[in-house]
Amino acid sequence: MMPLLHFAAASNIFSRAVLTSLVGGGIVAGVPLMFTALGESISERAGVLNLGLEGMMLLGAYIGFIVAFHMHSQTLGFVAGIGGGAIGALIMVILCVWLGLDQIVVGIAITLAGEGITSVLQGAEFGSSYPRLGAPATAAIPGLDKIPVLGPSLFNQPVLVYIGFAFAGFLVWLFKRTNIGLNLRAAGEKPEALDAAGVSVIATRSWAALATGGLAGLGGAYLSIVGAGVFTPFITQGQGYMAIVITMLARGKPGWVLVGSFLFGISLSIATALQLAGVNISIDVINMLPFIAIILALVIFARRSYLPPALAIPYIRGAR
Amino acid sequence: MTDSVSVPAHAAEPTDVVEVPTPDFEGRPGHVRSRRVAATRDLLIRSLIPVILALVAGGLLLLILGRDPISFYSDIWKGGVQQGSWEDSAMRGAPLLLIAVGLTVIFRANIWNLGYDGQFLVGAALITGLAPRIVSTPNAVSLTLLFLVAMAAAAAWTLVPALLKARFQTNEIITTLMMSFIGVGVANILVKGPFQDPTVNIPQTRVIPLNRMLPSIPGTRIHVGVLVALAAAFIAHFVLTRTSFGLRLSVLGANPRAAAHVGVNVRRLIVTAFLVSGALVGAAAAADILGVWGYMRANWNPAYGDTVIPFVFLARLNALAVIPFIAFFAVLSTGGDLAAANANLSTDFLLVLVGLILLFMTVIEFLGRRRDLGATYLTPGLRSALRNPFRRRTEIPEEEVTAQ
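Same order as they appear, the protein sequences are chains B and E.
So that you can map any letter, position 24 of the first sequence is 23 in numbering that gives the first Met the number 0, and since no number is skipped, the others follow by simple counting.
So that you can map any letter, position 190 of the second sequence is 189 in numbering that gives the first Met the number 0, and since no number is skipped, the others follow by simple counting.
Honestly, the hints are just simulated from the structure, not real lab data.
Even glycine gets a Cβ: it sits at the ideal position worked out from N, Cα and C.
The reader is advised that the hints may include incorrect statements.
To be verified - Part of the chain B face toward chain E, derived, beta carbon under 8 Å:
1. 98
2. 103
3. 105
4. 112
5. 114
6. 115
7. 116
8. 118
9. 123
10. 247
11. 280
12. 283
13. 284
14. 286
15. 294
What the hints assert, rightly or not - Listing some non-contacts, in silico: residues in chain E with all C-beta distances to chain B over 12 Å:
16. 34
17. 35
18. 39
19. 42
20. 45
21. 82
22. 134
23. 174
24. 196
25. 199
26. 211
27. 223
28. 254
29. 323
Claimed, not checked - Between beta-carbon pairs, the in silico distance windows are:
30. 16(B) with 296(E): 32 to 38 Å
31. 16(B) with 56(E): 48 to 54 Å
32. 128(B) with 59(E): 23 to 29 Å
33. 234(E) with 168(B): 53 to 59 Å
Based on the sequences and whatever the hints tell you, model everything.
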């Protein structure tokens with residue numbers, strides 16, 4: 000990170016255009032991470048480690064893009080994206096939650112199959128051409144969008160972004176104030192206790208994993224429909240794994256997930272901002288930044304990251 | 000691993016146990032041997048079925064896509080085995096096998112090293128940069144040196160996850176993946192920066208002269224890296240099954256707390272396992288670069304490791320049993336290039352096959368475990384008919400009737 004500070008002193012990195020593009024780009028790049036990481040915080044809480052997140056994002060990104068492209072409706076695209084992610088999650092639910100198979104192996108399988116199938120289908124339909132979607136419609140919030148720097152980037156976004164923020168708030172309420180939240184936590188901390196209390200661990204975990212898949216699919220669909228406007232194979236580039244790390248470091252708390260997602264969103268989008276600032280820095284260095292940030296965060300906060308004790312352990316009634 | 004899943008509840012019912020006959024007084028050796036044969040046969044069937052199911056499911060997928068699965072699979076045979084292309088398959092197998100052995104070592108300790116891509120590319124980039132600079136040394140010396148450099152670099156790339164895991168029990172799945180992404184970036188920076196060949200326009204390293212590459216086995220085009228890989232598999236198998244290091248790894252994999260109790264230095268063992276695994280991945284990079292490619296392009300990432308994982312599990316973390324699986328996949332992957340090109344499909348179709356193999360593997364494993372535990376819904380007669388379909392049946396074994 001030191002070279003960045005050095006550049007900052009030398010160039011006009013703090014000009015308004017640069018900051019606007021940094022924050023705006025951070026939001027565009029951060030929203031897919033936000034949805035996916037919020038989803039992961041649900042299923043991690045319930046004790047399902049979802050390593051298939053990357054595959055589910057890709058399924059959502061591909062199916063969402065195809066529907067949006069053929070139906071000319073971004074809303075339908077988002078809905079289809081949720082469906083696509085949920086299909087991936089359904090495999091996880093059946094194999095890992097119902098049958099109690101190894102979550103890590105199945106997760107890797109879903110990621111590999113998701114990467115392969117979306118790339119194959121994309122190639123089979125479009126060959127090597129990549130059709131683009133039009134620019135997404137944005138909804139400006141009157142008044143607030145006039146604030147310098149923050150206004151145009153924060154308050155002039157597609158409706159889905161506001162829904163995402165609201166959803167994070169909803170999750171806080173769900174986790175803290177409702178029985179459902181308590182059930183989810185019990186399913187991850189001590190499933191036997193939840194079972195003894197008369198709540199089905201299997202059902203709780205199934206719904207949690209399905210919700211995660213849907214949200215990852217939505218994140219993927221946002222990435223392809225709004226973020227890039229195009230679907231290319233392997234478009235997620237490890238964002239599914241980044242979402243898992245964000246959730247781990249945020250200890251499953253939606254507020255921190257939000258903060259983490261946008262910090263990583265900014266580091267993903269920093270390339271454009273730096274180009275605007277006239278800093279010429281290799282794209283490889285920039286692509287590495289979010290991962291270096293994560294490793295540094297893990298080294299510094301290693302003891303603070305938290306995972307529920309029953310995570311990735313299948314629940315089988317009566318087994319010890 | 001797949002075996003560590005806890006036992007279903009009905010296992011506790013003693014009447015269900017029919018597969019374990021108590022040894023009688025005569026100690027009939029024939030009986031024991033037939034059981035051993037049956038167990039081996041079971042293992043073989045359980046390892047092969049997922050592969051077959053995945054190929055069938057992949058064929059169905061090809062049909063849906065409007066491709067001819069028969070010609071797709073026969074293209075794989077043509078491009079992977081016939082007319083000397085088996086030599087290409089053998090050479091493709093070298094890095095795959097070395098990575099598979101590296102993963103076997105660390106998976107035995109129940110640790111996940113998923114950072115193989117970064118480790119592989121860092122090692123590969125370093126030696127492609129270094130090789131043209133040491134052309135004055137004798138070939139044997141420089142090749143050994145390059146292998147060692149690649150192994151050391153890849154091993155060093157596992158250090159951060161290893162130390163984090165050993166010190167803070169940080170989830171190594173995440174850290175190795177993150178280090179992998181960084182490694183891919185570092186390799187690109189090296190290839191585009193200090194190691195770039197200034198005489199060509201595209202970013203790539205200088206090409207290692209042919210006489211500085213790994214020599215081929217006399218009479219074939221196959222480079223000796225294949226022999227190195229096979230030797231590594233045999234040595235690893237010996238170390239894992241016949242030495243205290245192998246035993247300590249297995250104990251750590253089964254139960255880290257138990258390992259600490261019996262005096263294993265868990266932290267040091269975790270780091271050692273990571274280093275060995277990384278070094279083998281680095282050797283894979285050296286074998287591939289010095290045996291086949293001779294140079295490295297920017298953004299080159301063969302992603303061998305992803306495709307190797309299912310076969311490591313199918314071989315039950317056995318470094319020798321993994322060899323036939325890798326041979327199979329090497330053919331699939333070499334022939335897959337031709338088949339995918341003929342069918343006008345992306346080669347990423349192979350990733351789908353690999354994913355399907357993994358999925359079917361976990362399911363078959365589940366069914367097999369239930370069968371071992373005697374959980375079945377069949378009547379005793381049907382069940383013994385399934386077990387031994389070719390025997391003429393007149394009576395139902397006594398034990399099975401009582402077992403119900």
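Hints, one by one, checked against the model:
Checking residue 98(B) against chain E: minimum C-beta separation of about 5 Å stays under 8 Å; hint holds. Taking 8 Å as the C-beta cut-off, the interface hint given for residue 103(B) holds, the closest approach to chain E being about 7 Å. The restraint placing residue 105(B) at the interface with chain E holds, with a minimum CB-CB distance near 6 Å, inside the 8 Å limit. Interface hint at residue 112(B): satisfied, since its Cβ lies 3 Å from the closest Cβ of chain E, which is below the 8 Å cut-off.
Interface restraint check for residue 114(B): the shortest CB-CB distance to chain E comes to about 5 Å, inside 8 Å, so the restraint holds. About 3 Å separates the beta-carbon of residue 115(B) from the nearest beta-carbon of chain E, less than 8 Å, and the hint is met. Of the supplied interface hints, the one on residue 116(B) holds, with its beta-carbon coming within about 5 Å of a beta-carbon of chain E, less than 8 Å. With 8 Å as the threshold, the beta carbon of residue 118(B) comes within range of chain E, its nearest partner Cβ sitting at about 4 Å, so the hint holds.
Given hint, residue 123(B) at the interface with chain E, holds; its Cβ is 5 Å from that chain's nearest Cβ, closer than 8 Å. The interface hint given for residue 247(B) holds, since its Cβ lies 7 Å from the closest Cβ of chain E, which is under the 8 Å cut-off. Interface hint at residue 280(B): violated, since its Cβ lies 11 Å from the closest Cβ of chain E, which is beyond the 8 Å cut-off. The restraint placing residue 283(B) at the interface with chain E holds, with a minimum CB-CB distance near 4 Å, inside the 8 Å limit.
The beta carbon of residue 284(B) comes within 7 Å of a beta carbon in chain E, closer than 8 Å, and the hint placing it at the interface holds. Evaluation of the residue 286(B) hint against chain E yields a held restraint, the C-beta minimum of about 6 Å falling below 8 Å. At a threshold of 8 Å, the smallest CB-CB gap from residue 294(B) to chain E is about 5 Å, leaving the interface hint in force. Every beta carbon of chain B lies more than 12 Å from that of residue 34(E), the smallest distance being close to 27 Å; the non-interface claim holds.
Residue 35(E), annotated as away from the interface, keeps every beta carbon of chain B farther than 12 Å; the closest lies near 27 Å. Every CB of chain B is more than 12 Å from the CB of residue 39(E) (nearest about 23 Å), matching its label as outside the interface. Distance check on residue 42(E): its Cβ is at least 18 Å (rounded) from any Cβ of chain B, clearing the 12 Å threshold; non-interface status holds. Taking the minimum C-beta to C-beta distance to chain B, about 14 Å, the non-interface status of residue 45(E) holds against the 12 Å cut.
Non-interface call for residue 82(E) relative to chain B: holds, since the shortest CB-CB distance, roughly 27 Å, exceeds 12 Å. No beta-carbon of chain B comes within 12 Å of the beta-carbon of residue 134(E); the shortest separation is about 28 Å. Against chain B, the non-interface label of residue 174(E) is violated: not every CB pair exceeds 12 Å, the least being about 6 Å. With a minimum CB-CB distance of about 18 Å to chain B, residue 196(E) clears the 12 Å threshold, and the non-interface call stands.
With a closest Cβ-Cβ approach of about 19 Å to chain B, residue 199(E) is found to remain outside the 12 Å limit, as its non-interface label requires. For residue 211(E), the non-interface assignment is confirmed: its Cβ lies about 28 Å from the closest Cβ of chain B, beyond the 12 Å cut-off. Distance to chain B confirms residue 223(E) as a non-interface residue, since its nearest Cβ pair spans about 31 Å, more than 12 Å. For residue 254(E), the non-interface assignment is confirmed: its Cβ lies about 14 Å from the closest Cβ of chain B, beyond the 12 Å cut-off.
For residue 323(E), the shortest C-beta to C-beta distance to chain B comes to about 21 Å, beyond the 12 Å cut-off, and the non-interface label holds. In this structure, residue 16(B) and residue 296(E) meet the distance hint of 32 to 38 Å, their C-beta atoms being roughly 36 Å apart. Taking the beta carbon of each, residue 16(B) and residue 56(E) are about 52 Å apart, inside 48 to 54 Å as hinted. The hint said 23 to 29 Å for the Cβ distance between residue 128(B) and residue 59(E), and at roughly 27 Å that hint holds.
As the Cβ distance of residue 234(E) to residue 168(B) is approximately 58 Å, the hint placing it in 53 to 59 Å holds.
When each numbered hint is compared with the structure, violations occur for hints 11 and 23.
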